[in-house]
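Undergrad: Sequence:
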Amino acid sequence: MKTRTFQFLTVSFLLFQTGLRAQENIIIPQQANEYVRIYKPDGDYFFAPDTPNLKEGKWYDEWVPNDHTFVKGDDGKWHIFGITHPLVETKPLNKGIHEGEHGSFHAVSEATDFKETVKKHHYNDLPKILTPKDRPGEIAANHAPYIVRKDGLFQMVYGHSPMRLAVSDNLYDWEPKGELFSDPDGARDPNLLLYKGTYYLTYCSIKSVRMVTSKDLINWSEPKIILKTNKFDPESPTLLFHNNTFYLFVCAWEGGWDGKYIQGAYTHKAYVYQSNDLTDFGVDQEKEITVLKAHAPEIFQGEDGQWYISSVEWPYRGVSIDKLEWIKK
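Residue numbers 11 to 339, in our numbering, belong to the letters of the sequence shown in order.
Rather than coming from a laboratory, the hints here were simulated on the basis of the structure. Be a bit skeptical, because a hint or two may be false.
Listed next, the in silico PhoX-like pairs over lysine-lysine satisfying Cα-Cα at most 20 Å (straight line) [claimed, not checked]:
| # | residue 1 | residue 2 |
| --- | --- | --- |
| 1 | K333 | K303 |
| 2 | K87 | K143 |
| 3 | K297 | K130 |
| 4 | K279 | K129 |
| 5 | K297 | K338 |
| 6 | K297 | K241 |
| 7 | K50 | K160 |
| 8 | K333 | K279 |
Cβ-Cβ distance ranges computed for the label pairs, FRET-style [said to hold, decoys possible]:
| # | residue 1 | residue 2 | range |
| --- | --- | --- | --- |
| 9 | D243 | K303 | 26 to 34 Å |
| 10 | N63 | K87 | 28 to 36 Å |
| 11 | F251 | D294 | 40 to 48 Å |
| 12 | H108 | K187 | 23 to 31 Å |
| 13 | G86 | D52 | 17 to 25 Å |
| 14 | K160 | A121 | 23 to 31 Å |
| 15 | E66 | G292 | 43 to 51 Å |
Just so it is clear, CB atoms sit at the ideal spot from N, CA and C, and this is done for glycine as well.
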């Protein structure tokens, strides 16, 4: 009996020590807070059917990007795709804050090395993609694209619910492929992580970040809540596997907008969570490790391994880039 007790205590101690070492090895993302606005939208004609405050075919000088994604093309150039719509200044402002988000902006770099693209207004505007006329039979909304490469094609998942798929072999011409899945509570802001042969798609719903999985990007599992956010409404999740653990970045809408300026509706608080289990990031601050300043951030690396964080509408209209470093806890 004493031997078994000793063995149990020894194993428990080793597990405890392993847990301590794991905690000691956690690194935390830290931004430089030196944002560079790399893309500012050009004026354009509204590309969708009339809305209460926007007219099809009318020219609008100011456009507001939102959730977006970066991808490197076969030509070596970097492309940005994301939500866009003309600036709508209604009274009150919140009445038209997201009106007309029915297609994606497309911008492309001149340089082929990402660090060389981090310059003021470096990216050039291209024609909008996947507008309603390009997607007959779909709902008008086209939100928050995310792109991965699979089977020789660029695969774009976009929302909001139902989540949908479009494919391209060149990043310029896109073919919609229809619906992937819906969530009765709503699904928005998709993000994809390929890990050990499985695609993990995270998205936001009611006070939660949820996940579905797939081997082929076509057939999806039932949704599972991976983060419960009682204190705010989550937006724009990004799931990463880094340093042998998982990180979840989530933008937070916590209210408090005074309605005076459009930028105030695009909150720039991004919570970061860490977990060794990519299906469990806890409840509220349970696994929070830091807070960054960005709206709808994307987290990615350049060719030289440098990490970056992007932000839209804050601190400037358009897409801005800040460097990100990983610091030992």
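Undergrad: Indicate, hint by hint, whether the structure satisfies it.
TA: Verification of the supplied hints:
1. K333 with K303: holds, 12 Å
2. K87 with K143: Violated: K87 and K143 sit about 27 Å apart, past 20 Å.
3. K297 with K130: Outside the cut-off at roughly 36 Å; violated.
4. K279 with K129: Violated, because 24 Å separates the two Cα atoms, which is more than 20 Å.
5. K297 with K338: It holds: about 16 Å lies between the C-alpha atoms, which stays within 20 Å.
6. K297 with K241: Holds - the C-alpha atoms of K241 and K297 are around 14 Å apart, at most 20 Å.
7. K50 with K160: violated, 30 Å
8. K333 with K279: holds, 16 Å
9. D243 with K303: 26 to 34 Å: violated, 18 Å
10. N63 with K87: 28 to 36 Å: holds, 35 Å
11. F251 with D294: 40 to 48 Å: violated, 23 Å
12. H108 with K187: 23 to 31 Å: holds, 25 Å
13. G86 with D52: 17 to 25 Å: Hint holds: Cβ distance 23 Å, inside 17 to 25 Å.
14. K160 with A121: 23 to 31 Å: Holds: the Cβ-Cβ distance is about 26 Å, inside 23 to 31 Å.
15. E66 with G292: 43 to 51 Å: Given a distance of about 46 Å, which is inside 43 to 51 Å, the answer is holds.
Against the hints set out earlier in the document, violations occur for numbers 2, 3, 4, 7, 9 and 11.
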